[in-house]
Amino acid sequence: MSLTPSTGQLQQPPLLSEEEARLRTQLYIRQRINYQDSFHRRRIAEFTFNSEKMLWVSAGLMGISTVISSYSVVADKAVFAFLTTLLPAFAAAVSAFRSLYQWQRQASIYEDTWLALQQARLAMPDEDYLEPGEYSRYFPQLVLQTEEVLRGEASQWGQMEQVRPVSPATPPSAPSAPDTGS
Amino acid sequence: MTISQTPDQEAPAVPANMIVPPDEEDRRSKWFFMRRVPLRHIPREWTRPPDNQYEHDLLDEGFVAPSLVGDAMTPELAADIRELDQHLLPHFWRMNQQAKFYQNRFYQYQWAFILAALLTTALAAVNVLLYAQGWTGRQGTIVGTLQWTEVLGFLTAVISGIAASVSFLDANQTPQKRWYKARVQAEMLRSMYFLFLARQAPFNVHSQRERVQRMREKVIEILRETRLTERQQEEPGTVPESLTPAPTPPSTPPISRHSFTPDAD
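Taken in order, these protein sequences are the chains called A and B. Counting with my numbering, you get residues 1 to 182 for the letters of the first sequence. Counting with my numbering, you get residues 183 to 447 for the letters of the second sequence.
The hints are simulated quantities; they were obtained by calculation from the structure and are not laboratory data. We put the beta carbon where it would ideally sit given N, CA and C, even for glycine. Only true hints are included.
Simulated coverage check for chain B against chain A, where a stretch passes if three residues somewhere in it have a Cβ under 8 Å from a Cβ of chain A:
(1) 252-266
(2) 293-300
(3) 373-381
With the Cβ distance kept under 10 Å, some of the chain B side facing chain A (calculated, not the full set):
(4) Lys212
(5) Phe215
(6) Val310
(7) Val366
The shape of chain B in the complex, shown without the other chains:
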């Protein structure tokens, strides 16, 4: 039964499937280098998937989908879900996707640093070993004849160059900071979703129109506050006295709420 078909006078019943299903994540290895390895590419922008997939995504993220409620759906609940889907969730998905993107980018850079340090040491050690062994094998190349120690030295220089480039990108893109901000916004929107569904303050008014209007204002407020804070940090001279500057983010990364893709949280 769809939302529109729900009879007005039907008494809500307990949804049958109230038990949290087992998660795919539980069946995967817990080793961080298998579960948390950064992905090669995560899209930065969210695009709405087909309806079936979207409903699945809603449930995965802990939201309420009509299929979850089933025949117990009431017109009031259906209206609330519809308004949230229209005014709040698009922003949540956008911020959630950005958080995943920057989190993945942050870990890509950190892994690159760590592996570059390891490889540089390893190559240098191999180089010294070959030199000590007196192995001066030569390899013909398009630029002439090279010794293995020269090849290894060149590889070491390449890896150091990559590490330097990544360091530059990390310093300028600040993925960790952007990840924090996007994650906070997404979690605040998630909290607001449930406050709205529960009709708790500031959504504790009888008029649906007023409630929706407040929700729309709060959504924009959450998105806008961060923009203002960012601007303060970029332009210290223009900081209004009433707004306090944001503190430096801690070194410990926050954990995202998404639980089904590696490092997506």
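Isolated chain A, as found in the complex:
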């Protein structure tokens, strides 16, 4: 702790040394940002895949149902009437799964979050061009922006209203303000 000559106030030493900030920055990028980045990319790929494939399955079922039901009118065979009854049940099951998992909507939300994460990365310049002392300067911004993005994603699911978030601005014993999302 030192005394600043101009103001006469006590100046606190930084919370993290430059080397410590550098280490923690790299850990944060790997274990928080890259982890979330990877998680979101996998989910986007999975949801998009299922959304597209199940759309084709639904279309196929509809087409086959139409053909069979048309043919059953002239064929006069009970097995075609049976299939005409059964295929819409499969189509309904596919529709129920689409409604349950909502792949398209979830993929869209994850895509938005993934892009926001990429934007949060910009809070820190490329490490190749960082000057001495800049890790401790940019690390807090990187953390705050990333955590805000991830809180924002959670609030899109309507989750964050159920519990109050850790509010950085309030003292520990005071109740924190509800997160309004970002």
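Since the structure of chain A is provided, determine the placement of chain B on it from the hints.
Okay, now just chain B, sitting in the frame of chain A:
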């Protein structure tokens, strides 16, 4: 080199393995009925695995384990990891496990509804088909002679009964609501983990003792706030005016962060 062996004056170096390794999930089929099929059983309570497995779990969940840092470990970082492991992570693992349990339970019920509807229709269609074909084959049973149409009708009734039971369980256990709550708590604890490691507000104080105390208070605050909200919903007459009631959860399920087990997320 372990944490305790790390020399005080050693300058932190860049950990060598900073590239995210390929995931097992990437190699598995993307079809939802292969990857997201509900498991038969997921334990509700978390039990700490052996140290090697625990360290593996830490890395899988995106936390920091001493083995990840290796020789670059500093005494300050080691102390922070130790405090988080002692005061925050047990609660995270507990809530994470509960979220997985209720998520699996929710999907078990939903799959049961969907499959019951499909099977009921299919059995009814088969029944009509057999009747139309005039196939009145009889099967001797311990209760006498039964026609196939009677057997199919009975199976239809059994499936409908199962669906009704599942509906009752779903309405009373509310697994989706519990899944949401546990997942939110787990994600908030995860966020707090990194705020603490980065020494960001409210953990931006110099005293390690004060920082740890704040972290312990915040952990309890997160766990307790949800309990209070639950109580408000159960007892509307006792809701304090200063606390707003929680809104109804949306129909879209949240996705858990765990990425290596089907439907665990």
